[in-house]
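**Q** Fit chain to chain and form the complex, with the hints in mind.
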Amino acid sequence: MSAHSQEEVQRQVKIYIRVFLALGILTVLTVGVSYLKLPLSIAIAVALFIAAIKSSLVAAFFMHLVSEKKIIYAILALAFCFFIVLLLYPSWHLM
Amino acid sequence: MIRYISKPHPITGIINSKLGVWCFLASEIMLFGGLFSAYILLRTGVTDWPRGHELLNVPLATLNTIILITSSVTMVMSWASLEMKNLSKYRLFMTLTILLGFAFLVVKSFEYGHKFEHHHFPSTNNFYAIYFTLTGLHGLHVIGGIVVNLYFLLFGIKMWDKEPKQFAGRIEAAGLYWHFVDLVWIFLFPVLYLL
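Residue numbers (my numbering), protein chains in the order written: chain X, 39 to 133; chain H, -17 to 177.
A hint or two may mislead.
Partial list, derived from the structure: chain X residues whose beta carbon lies under 7 Å from chain H [stated by the list, open to error]: (1) VAL51; (2) TYR54; (3) VAL69; (4) GLY70; (5) PHE87; (6) MET101.
Label pairs and their computed distance ranges (CB to CB) [what the hints assert, rightly or not]: (7) H:ALA111 - X:ILE113: 28 to 36 Å; (8) H:THR26 - X:SER94: 21 to 29 Å; (9) H:LYS140 - X:TYR127: 46 to 54 Å; (10) X:SER43 - H:LEU24: 47 to 55 Å; (11) X:ALA115 - H:HIS101: 44 to 52 Å; (12) H:ARG73 - X:SER43: 22 to 30 Å; (13) H:THR26 - X:LEU74: 48 to 56 Å; (14) H:ARG73 - X:GLN44: 13 to 21 Å; (15) H:HIS101 - X:ILE53: 46 to 54 Å.
Calculated lysine to aspartate or glutamate pairs in the DMTMM-like style (CA-CA distance at most 20 Å, straight line) [unchecked claim]: (16) H:LYS71 - H:ASP143; (17) H:LYS90 - H:GLU36; (18) H:LYS71 - X:GLU45; (19) H:LYS147 - X:GLU106; (20) H:LYS(-11) - X:GLU46; (21) X:LYS75 - H:GLU36; (22) H:LYS67 - X:GLU46; (23) H:LYS147 - X:GLU45; (24) X:LYS107 - X:GLU46; (25) H:LYS67 - H:GLU10; (26) H:LYS147 - X:GLU46; (27) H:LYS(-11) - X:GLU106; (28) H:LYS71 - H:GLU145; (29) H:LYS(-11) - H:GLU145; (30) H:LYS67 - X:GLU45; (31) H:LYS71 - X:GLU46; (32) H:LYS147 - H:ASP30; (33) X:LYS75 - H:ASP30; (34) H:LYS97 - H:GLU36; (35) H:LYS(-11) - H:GLU93.
These are calculated hints, taken from the structure and not from any lab test. By construction, the Cβ of each residue, glycine as well, lies at the ideal position given by its N, Cα and C atoms.
Same shape as in the complex, but just chain H (with noise of 0.2 Å):
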């Protein structure tokens, strides 16, 4: 059983589970950096490499960069909703914040679907190799971060009968993951489209 999980530890100050998600948020940090430094290494080692918004479609992802903006906006509000004891609210905004995931998610399978039309693949070049490696593996995060906020919307709300205190840092937790979800996104989204 894992202890501290409805008050601080008396050491580090802070729930375990906030601990692992962010001791696994600076992993992630490592994932996205790797991937942001091939980034750099492929695009420094040629002298013509693509502006982004000649290959890609700007307004559709300033739309998803809205979406994902407005998506962590609900999330926080959903958390804020349980430290108010709103449980309605609560559930309002987690189901904005999967409704926004799952938006994200449609307006990228566009875009996506835009560029297989015109034969353009991760094989294509070394623009379209990165492109889809980086948004690829972010879209796999906003999945994830859907089938959680899905569990604690459908089933893991049990919990707030017994332990509120449990649960509503449960919800800080997986809030804490989809905002950095979010928080990639406003990297990639000018690396890749604008600049």
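Next comes chain X alone, as it looks inside the complex (with noise of 0.2 Å):
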């Protein structure tokens, strides 16, 4: 993102201060549901959701992946897929 007008700026500050709202709420709503006491299982898969949305929600406006260049993405999906490797990896000897 650059050279945006005024007008473009201050629609982006209306969006950020929703999202900060929302990152608010889901964060009083993942410790809350931790007060539940649920199976470990779904625990790790809920937490993890609201996690995987939290870190949406600041990567796509924060960091303005909404609106990026195809090379940034490249780049990403490039470590995403190191990482997803990494977090399988100590699995392997389960599956």
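**A** Following this line, the structure appears as structure tokens:
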């Protein structure tokens, strides 16, 4: 993102405030769910699902990934593939 | 001299500083990814892994989550203020971002102090080992971000008069890093404290 008109930036500021509210609500929600003492597998699924939504909001709006150039998506896609391999690697013996 | 730092490169369509920061963040994904991988290995390797809330202070960590999320908003607002040519607002939001970064570290040091008082160290067990490693590395990133932001508040701001576009690009790049640090915490918080 670069070179914006004033109106464009003001429109974005409104989005930032909404994202901020959403992040706050999701934080309270994830802490609230943790007090329900759900079975571990369900608790992990719920907590990671909420964290994924929160991180997507930060990446999409604060880091401007909703309207970014192809080369950045390419770099991130490559890093993400290796990241998934790293996360799956410790549990390969379980599969 | 680095070229294309105030106008987009004709091939990539973005300024080089942003490309550089994204490459750096990709390497950071691998750094933290390796440690998350270690966490999964340690946790799945034993039958009795403690639930985070039994050992750690969830209310304090929730407070820190809110602090870091708020600092992300003030960081993006400091960049938006530059885009709106409002330097005094930039100063305000950048100062708030730095103060919130310090607040995060103060809360974290209370948590660490409490653990040390009860003789819980990284060497105590695997849970504390990975807890201190992950939160310690994250804390170092917060300190690094504060140093960069302080530079852009006190000294780097001189660039605004001569090269406003380049300066706004620098703040956007610093913001990308700061949001990444926030993003890592968004995962650390549930993984270490809630699960």
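**Q** Decide, hint by hint, whether the structure agrees.
**A** Hint check:
{"no.": "1", "hint": "VAL51", "in the structure": "holds (5 Å)"}
{"no.": "2", "hint": "TYR54", "in the structure": "holds (5 Å)"}
{"no.": "3", "hint": "VAL69", "in the structure": "holds (5 Å)"}
{"no.": "4", "hint": "GLY70", "in the structure": "violated (10 Å)"}
{"no.": "5", "hint": "PHE87", "in the structure": "violated (10 Å)"}
{"no.": "6", "hint": "MET101", "in the structure": "holds (5 Å)"}
{"no.": "7", "hint": "H:ALA111 - X:ILE113: 28 to 36 Å", "in the structure": "holds (32 Å)"}
{"no.": "8", "hint": "H:THR26 - X:SER94: 21 to 29 Å", "in the structure": "holds (26 Å)"}
{"no.": "9", "hint": "H:LYS140 - X:TYR127: 46 to 54 Å", "in the structure": "holds (47 Å)"}
{"no.": "10", "hint": "X:SER43 - H:LEU24: 47 to 55 Å", "in the structure": "holds (51 Å)"}
{"no.": "11", "hint": "X:ALA115 - H:HIS101: 44 to 52 Å", "in the structure": "holds (45 Å)"}
{"no.": "12", "hint": "H:ARG73 - X:SER43: 22 to 30 Å", "in the structure": "holds (23 Å)"}
{"no.": "13", "hint": "H:THR26 - X:LEU74: 48 to 56 Å", "in the structure": "violated (24 Å)"}
{"no.": "14", "hint": "H:ARG73 - X:GLN44: 13 to 21 Å", "in the structure": "holds (19 Å)"}
{"no.": "15", "hint": "H:HIS101 - X:ILE53: 46 to 54 Å", "in the structure": "holds (47 Å)"}
{"no.": "16", "hint": "H:LYS71 - H:ASP143", "in the structure": "holds (16 Å)"}
{"no.": "17", "hint": "H:LYS90 - H:GLU36", "in the structure": "holds (18 Å)"}
{"no.": "18", "hint": "H:LYS71 - X:GLU45", "in the structure": "holds (17 Å)"}
{"no.": "19", "hint": "H:LYS147 - X:GLU106", "in the structure": "holds (18 Å)"}
{"no.": "20", "hint": "H:LYS(-11) - X:GLU46", "in the structure": "holds (19 Å)"}
{"no.": "21", "hint": "X:LYS75 - H:GLU36", "in the structure": "holds (12 Å)"}
{"no.": "22", "hint": "H:LYS67 - X:GLU46", "in the structure": "holds (13 Å)"}
{"no.": "23", "hint": "H:LYS147 - X:GLU45", "in the structure": "holds (18 Å)"}
{"no.": "24", "hint": "X:LYS107 - X:GLU46", "in the structure": "holds (18 Å)"}
{"no.": "25", "hint": "H:LYS67 - H:GLU10", "in the structure": "violated (32 Å)"}
{"no.": "26", "hint": "H:LYS147 - X:GLU46", "in the structure": "holds (17 Å)"}
{"no.": "27", "hint": "H:LYS(-11) - X:GLU106", "in the structure": "holds (15 Å)"}
{"no.": "28", "hint": "H:LYS71 - H:GLU145", "in the structure": "holds (18 Å)"}
{"no.": "29", "hint": "H:LYS(-11) - H:GLU145", "in the structure": "holds (11 Å)"}
{"no.": "30", "hint": "H:LYS67 - X:GLU45", "in the structure": "holds (13 Å)"}
{"no.": "31", "hint": "H:LYS71 - X:GLU46", "in the structure": "holds (18 Å)"}
{"no.": "32", "hint": "H:LYS147 - H:ASP30", "in the structure": "violated (55 Å)"}
{"no.": "33", "hint": "X:LYS75 - H:ASP30", "in the structure": "holds (17 Å)"}
{"no.": "34", "hint": "H:LYS97 - H:GLU36", "in the structure": "holds (13 Å)"}
{"no.": "35", "hint": "H:LYS(-11) - H:GLU93", "in the structure": "violated (45 Å)"}
Of the numbered hints given earlier, the model fails hints 4, 5, 13, 25, 32, 35; all others are met.
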